[in-house]
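Trainee: Next come the chains, spelled out residue by residue.
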Amino acid sequence: MTEAEIIDGCLAGSRAMQKQLYDRFAGKMMAVCLRYAQTTFEAEDVLQEGFITVFSNLRNFRRECPLEFWIRRIMVNAALRQHRRNAPLVAVSEGEYPEELAGEEFTLSNYAFEEMLAMVQELAPRYRMVFNLFAIEGYGHKEIGELMGISEGTSKSQYARARGILKTKLERLEAHRSNGTYRK
Amino acid sequence: MVPTANNHTPTPEPTGDLEQLFRQKLGDAEVAPRMHLWEQIDHELLVQQNDTFRRRLVWHRWVAAACILLFLGAGTWFSLRPATTGEPVVASTQSANSASSAVDAAPGYSLGSTAGSESLAVTTEPASAAEAGGIGSLAEIGAALHSAIAGPAPEEGRPQTLAAARQNAAVEAAFLAANPALTTTGYSAPAGFDPILAQPTGTFFDRVVAGRAAYSGTAASSSAWLAGQSGSGSSLVSSAAVPTILRLGQPDTLKLALPTAPASAVAQAYPAEEPQPEKTPARPKRWRLMGAYAASAYNPNMSFGSGAVATATNSVSGGNPGAFRAAAAYEQAANEYRRNLRPGFAQRVALVGSYAATRRWTLSAGVEVAEQRATSQTSYNFLDGKMPVVEISAASKDLGNGYSLTPPPAPQLRTAQYRYRTAGVPVSVRYGSQRKGVSLYAKVGAAVNVLFNSRSELVGLPESTTSYSLTSTDSPYRKVQTSVNGGAGVRYQPAAGQWSLALGPMAEAGLSTLNSNAAQSSSQVRPYAIGMEASVEFGGKQAVIVR
Numbered sequence: 001m002t003e004a005e006i007i008d009g010c011l012a013g014s015r016a017m018q019k020q021l022y023d024r025f026a027g028k029m030m031a032v033c034l035r036y037a038q039t040t041f042e043a044e045d046v047l048q049e050g051f052i053t054v055f056s057n058l059r060n061f062r063r064e065c066p067l068e069f070w071i072r073r074i075m076v077n078a079a080l081r082q083h084r085r086n087a088p089l090v091a092v093s094e095g096e097y098p099e100e101l102a103g104e105e106f107t108l109s110n111y112a113f114e115e116m117l118a119m120v121q122e123l124a125p126r127y128r129m130v131f132n133l134f135a136i137e138g139y140g141h142k143e144i145g146e147l148m149g150i151s152e153g154t155s156k157s158q159y160a161r162a163r164g165i166l167k168t169k170l171e172r173l174e175a176h177r178s179n180g181t182y183r184k
Numbered sequence: 001m002v003p004t005a006n007n008h009t010p011t012p013e014p015t016g017d018l019e020q021l022f023r024q025k026l027g028d029a030e031v032a033p034r035m036h037l038w039e040q041i042d043h044e045l046l047v048q049q050n051d052t053f054r055r056r057l058v059w060h061r062w063v064a065a066a067c068i069l070l071f072l073g074a075g076t077w078f079s080l081r082p083a084t085t086g087e088p089v090v091a092s093t094q095s096a097n098s099a100s101s102a103v104d105a106a107p108g109y110s111l112g113s114t115a116g117s118e119s120l121a122v123t124t125e126p127a128s129a130a131e132a133g134g135i136g137s138l139a140e141i142g143a144a145l146h147s148a149i150a151g152p153a154p155e156e157g158r159p160q161t162l163a164a165a166r167q168n169a170a171v172e173a174a175f176l177a178a179n180p181a182l183t184t185t186g187y188s189a190p191a192g193f194d195p196i197l198a199q200p201t202g203t204f205f206d207r208v209v210a211g212r213a214a215y216s217g218t219a220a221s222s223s224a225w226l227a228g229q230s231g232s233g234s235s236l237v238s239s240a241a242v243p244t245i246l247r248l249g250q251p252d253t254l255k256l257a258l259p260t261a262p263a264s265a266v267a268q269a270y271p272a273e274e275p276q277p278e279k280t281p282a283r284p285k286r287w288r289l290m291g292a293y294a295a296s297a298y299n300p301n302m303s304f305g306s307g308a309v310a311t312a313t314n315s316v317s318g319g320n321p322g323a324f325r326a327a328a329a330y331e332q333a334a335n336e337y338r339r340n341l342r343p344g345f346a347q348r349v350a351l352v353g354s355y356a357a358t359r360r361w362t363l364s365a366g367v368e369v370a371e372q373r374a375t376s377q378t379s380y381n382f383l384d385g386k387m388p389v390v391e392i393s394a395a396s397k398d399l400g401n402g403y404s405l406t407p408p409p410a411p412q413l414r415t416a417q418y419r420y421r422t423a424g425v426p427v428s429v430r431y432g433s434q435r436k437g438v439s440l441y442a443k444v445g446a447a448v449n450v451l452f453n454s455r456s457e458l459v460g461l462p463e464s465t466t467s468y469s470l471t472s473t474d475s476p477y478r479k480v481q482t483s484v485n486g487g488a489g490v491r492y493q494p495a496a497g498q499w500s501l502a503l504g505p506m507a508e509a510g511l512s513t514l515n516s517n518a519a520q521s522s523s524q525v526r527p528y529a530i531g532m533e534a535s536v537e538f539g540g541k542q543a544v545i546v547r
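Chain order of the listed sequences is A and B. For the first sequence, the numbering used here gives the first residue as 1, with consecutive numbering after it. For the second sequence, the numbering used here gives the first residue as 1, with consecutive numbering after it.
If you are wondering where the hints come from, they were derived from the structure by calculation, not from laboratory data. Where hints are given, some of them may not hold.
What the hints assert, rightly or not - Okay, derived cross-link-like pairs now, DSS-like style, lysine-lysine, Cα gap no bigger than 25 Å in a straight line:
1) K386(B) / K479(B)
2) K25(B) / K167(A)
3) K167(A) / K142(A)
4) K25(B) / K28(A)
5) K169(A) / K25(B)
What the hints assert, rightly or not - Just so you have them, the derived chain B footprint on chain A, three or more residues with Cβ under 8 Å:
6) 27 to 34
7) 161 to 168
Note that beta-carbon positions come from the ideal geometry of N, C-alpha and C, so glycine has one too.
Could you put together the complete structure from these sequences and hints?
Mentor: Here is the structure:
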């Protein structure tokens with residue numbers, strides 16, 4: 001069944017088509033939500049809220065981009081809303097950040113999805129949000145600042161800290177693989 | 001054999017920076033969520049949908065109430081509006097037009113002069129007597145003149161006066177044209193008017209009267225004519241009439257009025273024309289009464305499916321497999337019921353009052369009673385959104401014991417019959433010609449109905465018969481329903497009749513769902529009907545206005 005047929009079915013109110021759409025994208029979107037959430041339960045909450053938004057606003061989807069991109073953006077927005085609800089309004093100082101980040105080389109096949117997901121989930125919520133938005137979704141710091149209500153500089157500094165933490169963890173994991181003494 | 005060197009170099013493993021690493025590993029990953037997450041989403045969507053229905057229903061009720069209020073208000077206003085555009089005004093207007101036409105026929109006459117000449121016509125005979133020397137008769141003439149110029153006549157008397165004046169004026173003109181000699185022989189007085197005015201002679205009062213007659217119109221000129229007729233010997237009489245004339249004269253023309261011919265002579269020359277009641281262009285009577293009957297195929301279009309899912313979801317979440325099985329059975333039964341739902345016969349009788357707002361548009365409101373039927377088939381004894389508990393427990397037992405290896409019996413399909421009775425208030429707007437003969441019409445309307453009785457039964461199971469009344473609290477149906485309808489057709493009104501027949505197709509669509517716990521999408525669960533409608537309308541005869 002094509003994507004257009006599923007969309008049309010959903011717009012006609014068919015619950016079966018809505019289930020089809022859910023089945024098609026739930027796995028990918030769950031992975032997205034897991035990156036932004038700290039726990040699986042939290043990720044499922046975001047996923048549920050996101051799909052409700054998808055079905056409620058499907059009429060507004062103009063089919064100018066693949067449906068997956070549109071749904072992914074909705075999930076990210078749902079995660080941001082969840083982040084705002086959970087995170088208290090704390091003034092975050094801009095701090096310092098390096099203009100050029102070090103370009104380390106990592107062997108891609110040495111790391112598993114679960115390990116890397118755990119690393120991201122262990123980040124502080126603000127770091128996690130900024131890291132996900134910049135490194136994986138591809139947003140710019142200015143855009144991230146607008147989305148999260150922080151300055152561009154704050155976004156850069158938080159990203160630099162998140163990156164540093166993850167780099168340390170990756171190096172420790174590498175060391176653990178070398179001598180069998182990995183610690184978080 | 002010399003071992004050859006291994007020139008197959010190992011390909012280096014792909015590397016990347018930290019961003020590439022995370023993007024590759026996490027960007028396109030897939031993780032299956034828990035199984036029941038969809039059920040939670042489904043439940044949430046259902047709750048949202050019900051909220052939407054509820055909001056929409058409230059809105060429909062407000063619209064229906066506003067329509068009824070608007071129609072009642074308009075009807076009250078039209079019925080209580082004072083009839084200011086009645087016949088007297090029309091009649092006077094028409095008389096004025098007639099008077100104008102009389103003036104056209106005899107250019108020498110103005111409206112004032114014709115009014116005066118009417119009085120003169122009345123007093124011609126006494127004037128002749130006065131010429132014989134009767135002073136008392138001359139006093140009567142003065143009184144008659146007084147009445148002729150005493151100002152505007154009462155409203156109700158005015159049309160007749162003007163009409164008579166018009167006739168007299170026309171008769172006089174004809175008379176003078178037919179008897180030109182009169183103006184120089186027997187009726188030399190009019191010819192003497194100009195010398196009187198141009199070179200006033202006689203007494204001072206005569207001159208005054210004559211001079212005033214030049215400005216004050218017919219009555220005064222008549223007096224001058226009388227003065228001329230009576231000569232100096234009669235000046236006393238004219239003088240007696242002068243104060244009244246001077247006091248009450250109403251100048252409205254500078255032209256002199258011609259005297260009237262003797263009525264007897266006129267009667268001999270041309271028979272007097274009697275005032276005839278004239279018919280105005282007909283205006284249809286606005287209020288009418290209409291009886292209508294409609295027969296249609298009615299589909300209740302109910303959907304009980306997914307209604308139990310929400311309930312069952314909670315039960316399933318609680319880890320009750322029995323509840324899950326019951327919910328699944330309910331879902332199947334509801335789907336089967338909906339699949340087998342068939343339209344039934346529906347009929348509606350309405351008594352409607354109509355008001356012709358314009359020549360083309362007619363507003364209607366009234367009362368109606370309707371009965372609708374529908375059928376479905378179920379193998380679960382599914383009725384009114386409910387399923388007998390016996391069936392579920394029996395099914396559970398069969399599934400649960402696991403001892404019997406015999407396959408379950410083939411499901412026996414039972415026919416479920418539904419009958420709904422409603423009463424309501426329809427309002428509609430109709431567009432069409434109101435002419436005699438055959439014409440076309442189209443109409444749209446809305447109705448608010450109350451479901452006062454519903455009856456459901458499974459054929460072959462008398463104990464399953466269920467009835468709900470207006471007071472039933474466990475009824476699965478909405479008690480107040482709104483709908484819109486439309487239709488078009490042919491209307492026939494006989495040439496001599498005060499009634500009309502209309503016949504045409506109609507369609508009706510519910511704005512609210514029939515069952516209160518409706519599921520599925522909003523476009524699928526509203527009842528609708530398609531059929532034919534016939535109506536008889538009484539009233540609308542032509543009104544005759546006498547003037």
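Trainee: Each of the hints needs a verdict: does it hold here or not?
Mentor: Checked hints:
1. Between K386(B) and K479(B) the CA atoms are separated by roughly 18 Å; this keeps the pair inside 25 Å, and the hint holds.
2. Distance hint between K25(B) and K167(A) is fulfilled; the C-alpha atoms sit about 15 Å from each other, no more than 25 Å.
3. Under the criterion of a C-alpha separation no larger than 25 Å, the hint pairing K167(A) with K142(A) is consistent with the structure, at around 24 Å.
4. With a C-alpha separation of about 13 Å, the suggested pair K25(B) and K28(A) falls inside the 25 Å cut-off, and the hint holds.
5. This hinted pair checks out: K169(A) and K25(B) have alpha carbons roughly 16 Å apart, not beyond 25 Å.
6. Given a C-beta distance limit of less than 8 Å, the hint that chain B covers the segment 27 to 34 of chain A holds, as 5 residues qualify and 3 suffice.
7. Beta-carbon proximity to chain B at under 8 Å applies to 3 residues in the segment 161 to 168 of chain A; the threshold of 3 is reached and the given coverage holds.
This entry satisfies every hint, going by the numbered hints stated previously.
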